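Protein chains in written order, with the numbering used here: chain A, 9 to 341; chain B, 9 to 341.
Hints are computed from structural coordinates only; laboratory data are not their basis. The structure presented is a predicted model; accordingly, all values stated were derived computationally and were not measured. Don't be surprised by glycine CBs; every beta carbon is placed ideally from N, CA and C. One should not assume that every hint holds.
[Unchecked claim] From the structure, some residues in chain A lie toward chain B, with a derived Cβ separation under 7 Å:
| hint | residue |
| --- | --- |
| 1 | Q93 |
| 2 | E119 |
| 3 | R140 |
[What the hints assert, rightly or not] List of simulated lysine-lysine pairs, DSS-like, C-alpha gap at most 27 Å:
| hint | chain 1 | residue 1 | chain 2 | residue 2 |
| --- | --- | --- | --- | --- |
| 4 | A | K99 | B | K81 |
| 5 | B | K146 | A | K99 |
| 6 | B | K146 | B | K318 |
| 7 | A | K183 | A | K251 |
| 8 | A | K251 | A | K162 |
| 9 | A | K128 | B | K99 |
| 10 | A | K99 | B | K128 |
| 11 | B | K318 | B | K21 |
| 12 | B | K318 | B | K81 |
| 13 | A | K135 | A | K146 |
| 14 | B | K256 | B | K318 |
| 15 | A | K146 | B | K99 |
| 16 | A | K201 | A | K235 |
| 17 | A | K81 | A | K248 |
| 18 | B | K21 | B | K183 |
| 19 | B | K99 | A | K135 |
| 20 | B | K256 | B | K81 |
| 21 | A | K318 | A | K21 |
| 22 | A | K99 | B | K135 |
| 23 | B | K99 | A | K81 |
| 24 | B | K128 | B | K183 |
| 25 | A | K256 | A | K81 |
| 26 | B | K162 | B | K183 |
| 27 | B | K99 | A | K99 |
| 28 | A | K146 | A | K201 |
| 29 | B | K135 | B | K21 |
[As the list claims (entries may be wrong)] Quick look at which bits of chain A chain B covers, simulated, 3 or more residues with Cβ under 8 Å:
| hint | stretch |
| --- | --- |
| 30 | 54-63 |
| 31 | 101-110 |
2 protein chains.
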Amino acid sequence: MTSENDLQFSELKVTVLAGGVGGAKMVVGFDRALRPGDLSVVVNTGDDFRHFGLQICPDIDSVCYTLAGVANKTYGWGLEGETWQVADALKELGAPTWFQLGDRDLAMHMERTRLLEHGKSLSEVVKTLSRRMGIQSKVYPMSDQPAPTMIETKQGSVLSFQDYLVRLAAEPEVKRIIHGGGEHAQALPGALKAIEEADFVVLAPSNPWVSIDPILARPGISEALIKQTVYAVSPIILGKALKGPAAKMFAELGIEPSSLAVMEHYQETLDYFVHDISEPPIEKNDSPKAERRVGVPEIVRTLQFQTIMKDENDKVALAKAICSHYLQNRCDA
Amino acid sequence: MTSENDLQFSELKVTVLAGGVGGAKMVVGFDRALRPGDLSVVVNTGDDFRHFGLQICPDIDSVCYTLAGVANKTYGWGLEGETWQVADALKELGAPTWFQLGDRDLAMHMERTRLLEHGKSLSEVVKTLSRRMGIQSKVYPMSDQPAPTMIETKQGSVLSFQDYLVRLAAEPEVKRIIHGGGEHAQALPGALKAIEEADFVVLAPSNPWVSIDPILARPGISEALIKQTVYAVSPIILGKALKGPAAKMFAELGIEPSSLAVMEHYQETLDYFVHDISEPPIEKNDSPKAERRVGVPEIVRTLQFQTIMKDENDKVALAKAICSHYLQNRCDA
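Just need the whole structure built from these sequences, with the hints factored in.
Laid out in structure tokens, this is it:
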């Protein structure tokens, strides 16, 4: 990218809707590409849960740790250079160990819980802690109210999300995904404002069912997106998810895992759909539902960029490719 | 002590009422002197508080860590060989650091909080965790309901106990000690039973105001003690407390810190009062209140043993001295 591009990007305000690991990668690309403070991130809190009395927000932590440059590069969760003194002691005590809690990670959960117990809202806590971590981008939980994602399995049980994903290693077959909270978990006003005031919005390459849908399910979010220029980046490449159970979930829900399926899933809100350059282009008549959705391919335009983000350069390049596309398109209009 | 003594002690069931550090020292002496399982300890929970979302029970932990042989020998609180990874991370995050939380200690608070949030009572949690630690003596919180001790200062503020003791280093002048909980914090039935079924009861050399009084304030405890043979061990030696703010509190409450003052404080429930051999004997007419309590010295008999417990031998010797006295007295009767 030329410095001319960078100068152009300095005008842009972008808002990304993100889940955990895949979302965090995309977010850090925009954070580095834009002027400090011009990125807003609306983060899924459907995974949040209480464990050992502590309020744990896995996706917010993934995003914040990545933005602060302290995320663990090997695992995709937790912190680099983490220690495990408390985890070892918990094991000795016979406490459950299925959710791994590093010592420094634990300090974050403790301080968040302390601030919440002192009456602060989750969004206030996230603002305080992200500032203390030196993060300049704005990080918003999707809601200040709980909106837990539950997994109904084909075996008939309803599992809390971390139970399903971590304790049971995403092994149960998914029948239905339930987005909790309903009308009681309104979209965070600051998140809505960030969506409204952005030049464009990006749905990060997170799991559509359990990372992005919980955000879209918040009253007010879909309405705000319809008025916006919205990009989505596919988390599926050649039928597979780079990480996590997205492809397995698609299959269990009776949908062939593909970028096309992701595009169809999001179609109501999208302007542009980005999928990886390694895939064949998505054709108008690829969609088996095309007949009853005449014209959709005219509305949702597909783009192909390199979406595999192995290092920071890849992340920044993808963010800049989307920004450049937006600027060109804006100039065309 | 001869093996004959030890054989005699094997008949005895003893219940100790204890606070933190001084109490834990006495408790471990009886634990080692008696047959496994024949010691019961009723522990002050007036110091319990919530911090970082975790339920912290300082006195229960002091007693359990000491009984399990893992207590820190230098500080009198916390664990031997403790690490401080989480504390360091909390400090980096800008979290409050006035209450020191070692990593292994923290695991205990986390597992306790987890079990409480799963609906277990505090006494069930203490039973479970003390067993997991290999403790054979029975440890009972004084109540399953909260009964927080508050400190009213001469400056007019009311402080929670840990705020006063730890955060403010016991510096504010004490005007009044308030025992919270009232009728809502009944004595634990198991604790009452342990008092009733013991051969004798000992009030450990803990702070009378803030470690023993909260236990005595539980409805049912005083009534149970009146029917029992009760020993108390003075925490004051030659006008000073070995540890903690007991002597300072006595002075601020307008009472000269002395073993006599401790004896007078407990007189309603005592049969025998043990003070250190380094002190002059307490005489009948030492008590300035003797006139209106005629006969008290006839009811409360004073004993002098070595009460400074520098090592495990000292602790066991004091426990055995009290046991021997009890057995001799029982044979005399």
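Cross-check of the supplied hints:
{"no.": "1", "hint": "Q93", "result": "holds (4 Å)"}
{"no.": "2", "hint": "E119", "result": "holds (4 Å)"}
{"no.": "3", "hint": "R140", "result": "holds (5 Å)"}
{"no.": "4", "hint": "K99(A) / K81(B)", "result": "holds (24 Å)"}
{"no.": "5", "hint": "K146(B) / K99(A)", "result": "holds (23 Å)"}
{"no.": "6", "hint": "K146(B) / K318(B)", "result": "holds (24 Å)"}
{"no.": "7", "hint": "K183(A) / K251(A)", "result": "holds (21 Å)"}
{"no.": "8", "hint": "K251(A) / K162(A)", "result": "holds (23 Å)"}
{"no.": "9", "hint": "K128(A) / K99(B)", "result": "holds (20 Å)"}
{"no.": "10", "hint": "K99(A) / K128(B)", "result": "holds (20 Å)"}
{"no.": "11", "hint": "K318(B) / K21(B)", "result": "holds (25 Å)"}
{"no.": "12", "hint": "K318(B) / K81(B)", "result": "holds (10 Å)"}
{"no.": "13", "hint": "K135(A) / K146(A)", "result": "holds (8 Å)"}
{"no.": "14", "hint": "K256(B) / K318(B)", "result": "holds (23 Å)"}
{"no.": "15", "hint": "K146(A) / K99(B)", "result": "holds (23 Å)"}
{"no.": "16", "hint": "K201(A) / K235(A)", "result": "holds (12 Å)"}
{"no.": "17", "hint": "K81(A) / K248(A)", "result": "holds (21 Å)"}
{"no.": "18", "hint": "K21(B) / K183(B)", "result": "violated (38 Å)"}
{"no.": "19", "hint": "K99(B) / K135(A)", "result": "holds (18 Å)"}
{"no.": "20", "hint": "K256(B) / K81(B)", "result": "holds (24 Å)"}
{"no.": "21", "hint": "K318(A) / K21(A)", "result": "holds (25 Å)"}
{"no.": "22", "hint": "K99(A) / K135(B)", "result": "holds (18 Å)"}
{"no.": "23", "hint": "K99(B) / K81(A)", "result": "holds (24 Å)"}
{"no.": "24", "hint": "K128(B) / K183(B)", "result": "violated (36 Å)"}
{"no.": "25", "hint": "K256(A) / K81(A)", "result": "holds (24 Å)"}
{"no.": "26", "hint": "K162(B) / K183(B)", "result": "holds (5 Å)"}
{"no.": "27", "hint": "K99(B) / K99(A)", "result": "holds (25 Å)"}
{"no.": "28", "hint": "K146(A) / K201(A)", "result": "holds (12 Å)"}
{"no.": "29", "hint": "K135(B) / K21(B)", "result": "holds (18 Å)"}
{"no.": "30", "hint": "54-63", "result": "holds (count 6)"}
{"no.": "31", "hint": "101-110", "result": "holds (count 4)"}
In this structure, the earlier hints numbered 18, 24 are contradicted, and the remaining ones agree with it.
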